[in-house]
Amino acid sequence: MAGDWREEAQALWDRAGKQKSSESKVKLLEEAVRMADSHGDVDLGYQLRDDLIDAATFGGYPDKALVAFAWCRGQQKKDPERFEPEGLLWKQKWVVGRIKEFPHISRKQITDALDDIEQCFTKVDAGKRSVLKLRYQTARDMGDDAAEVDRLWAAWLATPRDHLTDCRACELDDELDHHVETGEWEQALRKAKPILEGRVRCAEIPHLTLGTLLYPLFKLGELERAAEMHRRGYSLTSKNRDFLATMGDHLEFLALTGNLARGLALLEKHLEWTLDHGSFNDRFIFLVAATFLLERVKAAGDRDVVSLRLTKAFPEHRADGGYEVKALHAWMLKQAKDIATRFDTRNGTDRYARRLARIQRLAEEVREFPLD
Amino acid sequence: MPRRPRRRNLEKYPPGGSFPARAVPWANVGTAVDHRFQVSLRGVIDLLSHHLYSSPGVYLRELLQNATDAIRARQHLEPEHKGTVRLELVEKQDGGPPTLVFSDDGVGLTEEEIHRFLATIGESSKREALEDRRKDFIGQFGIGLLSCFMVCDELLLVTRSARGDGRTLEWRGRHDGTYAVQVSEHPLERPGTQVFLVARADMVEWFAPERLRQLGRHYGGLLPFPIQLTVGTERERLDLDGAPWRRDYESAGERRKAMLEYGREVFETDFIDCIPLRSQAGDVDGVAFVLPASPHFNAKQKHRVYLKHMLLSESAENLLPEWAFFVKCVVNANALRPTASRESFYEDSALSQAREALGHGLRKYLVDLAHEDPRALQRLIGLHGLSIKALALDDDDFYRLVIGWLPFETSLGVTTLAEYRRAYPVVRFTATLDGFRQVARVAGAQGLCIINAAYTHDAALLEKLPHVVEGAQVEPFSAADLPQSFEELSMDERDAVFPLLRTAEQVLAPFHCGVVVKKFFPAEVPTLYSADEEGAFRRDAERARDESDDLYASVLEGVMAAAGGEPAQLCFNLHNPVVRRLAAVTDRTMMKLSVEMLYVQALLLGQHPLNAQEMTLLNQGLLGLISAQLGTGGSGGPESDGGVGSGGLH
Chain D
0 MAGDWREEAQ ALWDRAGKQK SSESKVKLLE EAVRMADSHG DVDLGYQLRD DLIDAATFGG
60 YPDKALVAFA WCRGQQKKDP ERFEPEGLLW KQKWVVGRIK EFPHISRKQI TDALDDIEQC
120 FTKVDAGKRS VLKLRYQTAR DMGDDAAEVD RLWAAWLATP RDHLTDCRAC ELDDELDHHV
180 ETGEWEQALR KAKPILEGRV RCAEIPHLTL GTLLYPLFKL GELERAAEMH RRGYSLTSKN
240 RDFLATMGDH LEFLALTGNL ARGLALLEKH LEWTLDHGSF NDRFIFLVAA TFLLERVKAA
300 GDRDVVSLRL TKAFPEHRAD GGYEVKALHA WMLKQAKDIA TRFDTRNGTD RYARRLARIQ
360 RLAEEVREFP LD
Chain Y
0 MPRRPRRRNL EKYPPGGSFP ARAVPWANVG TAVDHRFQVS LRGVIDLLSH HLYSSPGVYL
60 RELLQNATDA IRARQHLEPE HKGTVRLELV EKQDGGPPTL VFSDDGVGLT EEEIHRFLAT
120 IGESSKREAL EDRRKDFIGQ FGIGLLSCFM VCDELLLVTR SARGDGRTLE WRGRHDGTYA
180 VQVSEHPLER PGTQVFLVAR ADMVEWFAPE RLRQLGRHYG GLLPFPIQLT VGTERERLDL
240 DGAPWRRDYE SAGERRKAML EYGREVFETD FIDCIPLRSQ AGDVDGVAFV LPASPHFNAK
300 QKHRVYLKHM LLSESAENLL PEWAFFVKCV VNANALRPTA SRESFYEDSA LSQAREALGH
360 GLRKYLVDLA HEDPRALQRL IGLHGLSIKA LALDDDDFYR LVIGWLPFET SLGVTTLAEY
420 RRAYPVVRFT ATLDGFRQVA RVAGAQGLCI INAAYTHDAA LLEKLPHVVE GAQVEPFSAA
480 DLPQSFEELS MDERDAVFPL LRTAEQVLAP FHCGVVVKKF FPAEVPTLYS ADEEGAFRRD
540 AERARDESDD LYASVLEGVM AAAGGEPAQL CFNLHNPVVR RLAAVTDRTM MKLSVEMLYV
600 QALLLGQHPL NAQEMTLLNQ GLLGLISAQL GTGGSGGPES DGGVGSGGLH
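Protein chains in written order, with numbering that gives the first Met the number 0: chain D, 0 to 371; chain Y, 0 to 649.
The hints are simulated quantities; they were obtained by calculation from the structure and are not laboratory data. Here a beta-carbon is modelled for each residue, glycine too, at the ideal position from N, C-alpha and C. Honestly, I wouldn't trust all of these hints.
[Said to hold, decoys possible] From the structure, some residues in chain Y lie toward chain D, with a derived Cβ separation under 8 Å: (1) Ser348; (2) Thr455; (3) Ala540; (4) Ala543; (5) Glu546; (6) Asp548; (7) Leu550; (8) Tyr551; (9) Val554; (10) His607; (11) Leu622.
[Stated by the list, open to error] In silico DMTMM-like links for lysine to aspartate or glutamate, alpha-carbon gap of 25 Å or less: (12) D:Lys268 / Y:Glu321; (13) D:Lys311 / Y:Glu533; (14) D:Lys90 / D:Asp144; (15) D:Lys77 / Y:Glu556; (16) Y:Lys307 / D:Glu196; (17) D:Lys268 / Y:Asp457; (18) D:Lys17 / Y:Glu556; (19) D:Lys238 / Y:Asp247; (20) D:Lys190 / Y:Glu346; (21) D:Lys268 / Y:Glu469; (22) Y:Lys463 / D:Asp275; (23) D:Lys333 / Y:Glu565; (24) D:Lys268 / Y:Asp393; (25) D:Lys17 / Y:Glu469; (26) D:Lys19 / Y:Asp480; (27) Y:Lys463 / D:Glu271; (28) Y:Lys301 / D:Glu196; (29) Y:Lys301 / D:Asp114; (30) D:Lys90 / D:Glu22; (31) D:Lys238 / Y:Glu565; (32) Y:Lys518 / Y:Glu487; (33) Y:Lys463 / Y:Asp480; (34) D:Lys107 / Y:Asp480; (35) D:Lys311 / Y:Glu469; (36) Y:Lys307 / Y:Asp247; (37) D:Lys122 / Y:Asp548; (38) D:Lys192 / D:Glu223; (39) D:Lys218 / D:Glu271; (40) D:Lys238 / D:Asp50.
Using the sequences plus the hints, can you model the full thing?
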């Protein structure tokens, strides 16, 4: 037993290596990590966690990525000779970029983590561009003062790229978020052109972009194009819980265009992810879209009960699959409100409350565009 | 919208740099003057060979493409025209570089068209511009011809248009950008085009007869007209006389044999079966071959695809649905859009419809197998279970059809799901190997059949069961569920273990671990530790906190505070003699120490790594036990009050 644990851990690692980032890959690596830890093999534990951070980040487990990162960082600080810092710095960006999405992490801790990554990057002579982007995104998503957000946006774009900067596709996609945020629909579409034409892409682009642009296209009345992007984008993202927020984009689009049956099918399929997703922000985005969809179903007024095959993990799960629309709507809204309150309290702002209130505005914008 | 940061990855951006590009005004034909492109032709050729084409051999593909387009254009004028492409290799007696004469009897070029293709060459200095130009016949012609400069320094083009005045024109171009146009002194008898390529000294290998044969077959094997290669006095046909899958065969058996033979030729693999493919969307047809072994990685299969019967790519990936990685295929598409590199198809709605239709064909094969030859399907499941499971996850009808035949590993051996359900009303599974290990032995001993669903797709497949099969019951199972199947204590036993229960609760409270006492098998197992997934994650976080620096340790405190889930549990087994003795011990210190050690032992047996606090417990506990043992071992030590040390924990 004691003799072949390495083989077993290696076998788990090999199996994980054959998979794309996903729940099962994360589980395999976690198991292997526990084996390495049980036997006190720090080197193996480090290498496995190095992979685990990737799998968890791109497989939709940002909380697990954070835990694995924290362990590696501890080892790396204790013995910088043994564990090379550069590789971990890449991953630190992913971790710090999402730290704000856990409402139980305090503002002070977030600020400390940002200051810390800035110091870490300075130590290896990296430029400020990556950190400025993180600061901009954090300030924006925490609802900080608009002038400060604008200042960081401008500072980010004015700073040159360096060896630790995210790829061009990702950076361009991140720029789009800004224009969507400020309602510059045409600008977002103009900038997205290289992505949409397939000239600029990466592991997550255009996957994310196709969801981001749905609302701008809807606002510009380009419904045919939006429908095409919905089809393409959804099939690229629907298998990976890392794209929970993107599912929210698609769900919102379906509700806005009156494709309620399709919307319910999407809700049915992805609700599970919102129940235990590490990112409360992504949960929130999906829940808001789900609330909006159910509001549309209520407004259609032709049925009080919908049949859904929801996961057993859903607290209000019903074996017969019959769900009262009103009750379901109330549940989604309550979850969304709870998360909004937690974020807004932590942030000391009202961004999430405002995002929730956006549903009312959306209700006035509905425009039927059947996809079937 | 709030989003996440991402990683560097396969960044793709167009090659930089552009060339001054403009063709000189057209000079009259017949004056036979030398002209010069105002363009760095070297640069364009460099661009082509480094950024657009994967190998110099592509020149033959481009020539075939030009010939195909020309023949199609002629057929448009004369529907009866069959078309033929001839390659003649002229090898020099003196060992000088050979010449390839490449001829077609297509539509030919008029004077004005030569003019246009020259303009194309002049302007083709950017990859995007090149791609745009490909869309029309002349543009493609010019770019195709340009690719010949990868293998030769000088080109002679002799052409007579089916639409023109009957004159034969000659264009002679050199890689340095000079060219001359004139009326040919050797007029062609019929419309068509001849290209003379003199091999460049360093590229002679691309003109070897064997290479020409191989390239011609490779790119043009499926073309719907003859392609003849002449070397000296030898003449042979390079085309396959149409796609093998479209031919008529005497019987289904003959067809299968011929297809498998074809598959072997193309992929050098002995496939186990073949499946016809067809899609109206994209006008696609072809054949899929079932791989003889499960693919090593769940990497996508690389397929061979033809566009309008010309080879487009040998590594197209995006043609079949994701689940269908148990086949490799050869297909021809007439109406799909190639990507810029012309090595796969552009991801548009025609492609996604075609993919759906092709997937449908593969699915039909599996469904027919299920109805007509279930044993063959079972063999296929053994070989390509992953593909089949992936499809079943996406497709309810297919799921119903195959789910019963899928084999699963359980705590009582391997069984199909149908057999399992015949024997047990409720399907119970663990979703991780870790979880399975923790329960398998004990569950087996209680006669519980638990499925190990740690393998790819298994858990999702089982969770789907009640949604698709009426009345089916499925429950995830973990070590925490085991005690429910254990025997409860009698009233007397409850009284007897009460002190142990109380002590253990106090000892383990700081470890977020509750305590129960029950009776279960095997009796050698003294305790069973169980934690749900969130509990396991909490333990991971604790270890990370122990190892990390102050900043991240404090961040992790926040994460752990938010973690939900049930507390872990340590279940004592009263069938176990040690536990029975322990329950009777009156020395509280001894009892505490023993509980701590049993707790640590249970963690280690369950492969739960210890956190710093537990590690301390282990170290101090071991010392404590040794010292207790030493104390009583010396024939009746001072503290001997009938404690467990006298025999409980050997």
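So, against the hints stated earlier in the document, which numbers end up violated here?
11, 14, 18, 19, 25, 26, 29, 31, 34, 39
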